[in-house]
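The chain contents come next:
2 protein chains.
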Amino acid sequence: MRGLDEHRAATLALAAPLPAVEVGLLDALGLVLAADVVTDEVLPRWDNSAMDGYAALAADVARAAPDAPVALRVVGDLAAGSADEPTVVAGTAVRIMTGAPVPPGADAVLPVELTRPADPRVGAWAEVGGVVEAVQRVEPGANVRRAGEDAAPGDLVLTAGALVGPAHVAAAASVGRATLVVHRRPRIAVISTGDELVAPGEPLPRGRIPDSNSWLLAAAVQEAGATALRLGPTSDDPDELRALVAALDDGRHGTVDGIVTSGGVSVGAFDVVKAALTGVEFVSVAVQPGKPQGLGRLPGGTPIWTLPGNPVSSFASFEAFVRPAIRRMLGLVDVERPRFAAVAADGWRTPPGRAQLMPVRLTEPDEPGAVRRGDDGRVRVWRATSGGSGSHLVARLAVAQGLAVVPADVPEVRPGDTLEVFLT
Amino acid sequence: MRGLDEHRAATLALAAPLPAVEVGLLDALGLVLAADVVTDEVLPRWDNSAMDGYAALAADVARAAPDAPVALRVVGDLAAGSADEPTVVAGTAVRIMTGAPVPPGADAVLPVELTRPADPRVGAWAEVGGVVEAVQRVEPGANVRRAGEDAAPGDLVLTAGALVGPAHVAAAASVGRATLVVHRRPRIAVISTGDELVAPGEPLPRGRIPDSNSWLLAAAVQEAGATALRLGPTSDDPDELRALVAALDDGRHGTVDGIVTSGGVSVGAFDVVKAALTGVEFVSVAVQPGKPQGLGRLPGGTPIWTLPGNPVSSFASFEAFVRPAIRRMLGLVDVERPRFAAVAADGWRTPPGRAQLMPVRLTEPDEPGAVRRGDDGRVRVWRATSGGSGSHLVARLAVAQGLAVVPADVPEVRPGDTLEVFLT
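Protein sequence lines, in the order shown, are assigned to chains A and B. Its first residue numbered 1, the first sequence is counted upward by one per residue in the numbering used here. Its first residue numbered 1, the second sequence is counted upward by one per residue in the numbering used here.
Worth double-checking, as some hints may not be accurate.
Stated by the list, open to error - One-sided and incomplete, this derived list gives chain B residues near chain A with beta-carbon spacing under 10 angstroms: (1) Leu25; (2) Ala79; (3) Ala173; (4) Asp257.
These are computed hints drawn from the structure, not numbers from a lab. For glycine and all other residues, C-beta sits at the position ideal for the given N, C-alpha and C.
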């Protein structure tokens, strides 16, 4: 049997960052930069005011105090966005709003809170032609944001490989970029297989069950950051599946960067995926659930992952083998979910010689919502699907918040044992 | 001045979970269940096979062993999805695939791995009419999944208030639901204001700067789980802003569950938001950045948040005051980002009497990508916008991974101090 890490490496080897595309700023959210953003201008472009107040000469107000106000004649008015350049000379000031360029001659900004109009009837502000009194000194350069203080030509504003979030979008806009160059979002086809499957909500004849895997995997694909093309369920006729997979690989369903199937990969007499697909390597992986796995590259180059059909097996296999590959296609270097140490609150036997991916909950089974931490800060975890290995217990999977990774050489988990857990 | 927590409570009081809507399973991803999902049937619906093998009577094979095989005549074949009901009697077996209903008479399933065909020429499986030999005993009930083992009528499968992820989608599908009832996704309008703003990529005359706030806030709205309607920038003409806000409140831009503006709320002579909007309470909040805040409810009932215009102030204000309200509209009870304890790697002065929301990075400034943890597991954090309060330093905001929350009574952060941090 192939080890968990070995199979994970094989599946990651099928994935590479997708080609770069240029998209609008909001369309870049959740994608990964494929190129650095280097600014070609200074930011801010002009010395500008950090406050609402009056641009003036610091020397003029060097002795200003509440009981010794210094009067300045207001010779101009600069709203933010104004292109005016009124000149400040000794004894004068220009009213200026936050962000407006500091006018020629001025070397500081007096915040309005440190001034008062000579004519108290005009309100807080002295208008152009009026007189303002400074009641406190300011240093040269006070409340002036210097040109280039935030960025200078050639500065690296954003780095290739960054996952784009709101601050990246804002930084790009602030240096005048309306677009970003990112790795294209993967589009992943999902196919559940099996004659027993009917669409949820349809009548269930004897022996039939609702298809949940195509929904599970399509949702997981989207949660991973890709677009899901949900297809199927297909029947147990190998020709039907073979034709669908060939059409996906040929581009007849648009761009498809990967295909995920569920079911039909075990030792059954009718295992449709095994029967239909050539060029796919079917292997036993030393993991529970999720032992029967397949992966390969179709003739057209499309990677394919064939997961087992038990819903919990599909879910765990997707987390272990497909999600990292999708994250790699997105352009991420770190494709793993962060793991942390937790404490087992119950115990269970584990399969000999196989690693285990156990769905766990972080909340008390009898007290929903309560996350308990020990004195060491570690959380306690319980099996989400208690009572048996439970790989078919899809309705209980919804209480799981994560998976515990139990190494192959651990024969048993006992209450109090430390477990490596990641949230899903 | 109003305290940070007091203002946060005021803004949360403006928000309530939005009405319930019924949506398709994948459209429910990232939304919050507005109703429990209670199954009205048993799951699985029939006793069914957990393995590929042969349904038989455990008593028949009680003495089976490799050197004492027990021969059983194969009287039927049950693929998954089959509606057939071949009866098993003593001395017979029915070939059965995983998931197929256990046929009448059988009380256990022999995995194919514990059998061999009497005629070794036929491959792994004996066909109908042939004979299979059991080479190992199984207990009654072995490899049979019992009807109702996963869920019984009346069982709570999903709980109102849950954030829908892949496992919730799968659980709903597995009990035959094609839709889920969730709180409607909020649609939030974003308006940046100011005569100085031009669209990113447009030429910049003197005094003008690219609009980054509408992009920042629209991206943040989407990251919070809502849909963003990005408008503006609008000018410093109060009539223009007043007309736009009234149109949004009247429903002329479709459903709008909240409005966020940036800029024009300080002490300036032309502060357009303050001039334009009545019914909005403008307050000073004891936080840095983000002191000038406004909030209220428009005549049509639409909540509005008016944030300051410095990009870092807008970002921090959104995190502190708007994001929790959006999360509440989504239907979440726990609307806060999780906080953790970190260690300050550099030091800085903080404003007297005001809490501080400092953008921080978790990676070494000189060694990008390296997150360092101390022996106690705590990460070190650095100011993202080093050198000044930096509330305009939007290009540097992109290196921040989170915000440190420094309480109002802390006069100074020193290297080694413990800080409360949340990731953004």
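Min Cβ distance, Asp257 (chain B) to chain A: is it shorter than 10 angstroms?
19 angstroms, violated
Residue hint Ala79 (chain B), partner chain A, criterion CB-CB below 10 angstroms
5 angstroms, holds
Hint validity - Ala173 (chain B) Cβ closer than 10 angstroms to any chain A Cβ
Interface hint status for Ala173 (chain B): holds (4 angstroms vs cutoff 10 angstroms).
Per-residue hint verdict: Leu25 (chain B), partner chain A, C-beta under 10 angstroms:
Hint holds; Leu25 (chain B) Cβ to chain A Cβ min 5 angstroms, cut 10 angstroms.
In terms of the numbered hints stated before, the structure departs from hint 4 and from no other.
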